[in-house]
Amino acid sequence: MKDLQQDVCRLTRARDEALRKMVSLEASLGESEAVVEAARVVERVWGSQLQAIEEEVSRLACENDQLKECNADLHRQASEAQQEGEQLRASLRSRESQLQELQQARDLLANDAQVVVAAVKQWLHEQKTTNLKMAGKLHQTNKQVLLLNTEKQ
870 MKDLQQDVCR LTRARDEALR KMVSLEASLG ESEAVVEAAR VVERVWGSQL QAIEEEVSRL
930 ACENDQLKEC NADLHRQASE AQQEGEQLRA SLRSRESQLQ ELQQARDLLA NDAQVVVAAV
990 KQWLHEQKTT NLKMAGKLHQ TNKQVLLLNT EKQ
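Residue numbers (the numbering used here): 870 to 1022.
Calculated directly from the structure, the hints in this document are not laboratory data.
There's no promise every hint is true.
Quick list of in silico lysine-lysine cross-link-like pairs, DSSO-like style, CA-CA up to 30 Å [what the hints assert, rightly or not]:
#	residue 1	residue 2
1	LYS1012	LYS1002
2	LYS990	LYS1006
3	LYS1002	LYS1021
4	LYS1021	LYS1006
5	LYS890	LYS871
6	LYS990	LYS1002
Kindly generate the complete structure, drawing on both the sequences and the hints.
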């Protein structure tokens, strides 16, 4: 009987120990389930955040492509504007050269005009002097003709 009592005591202790382990495991299981549920919540949150991030990355990639196209267009426009600027500068240099040539031609023409005006003035003066001399001679000739006519009569 003593063996039996010892066996019962041992079994009771084993049962109590098993119950304690079971309670401990149930508590641990509850904690594990809470951790698993928390992990699922975190997974859902992270999943939605990941989806939002992926959508944002996609949107930013589209925006980046658009900005690259815009940048390429701006570079192209800048290059065209630079070429146009070079052409305009070359045209301006050509026009300045033409203007300088025209100014020189105008100066030569003005000098020639002054020479012509001076020559015309001189010619007019000479013509006037010649006309006055001829008028004087004509007047003398008319006097002589009148005298001769009066003498003949």
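Hint numbers not upheld by this structure, sorted from lowest to highest: none
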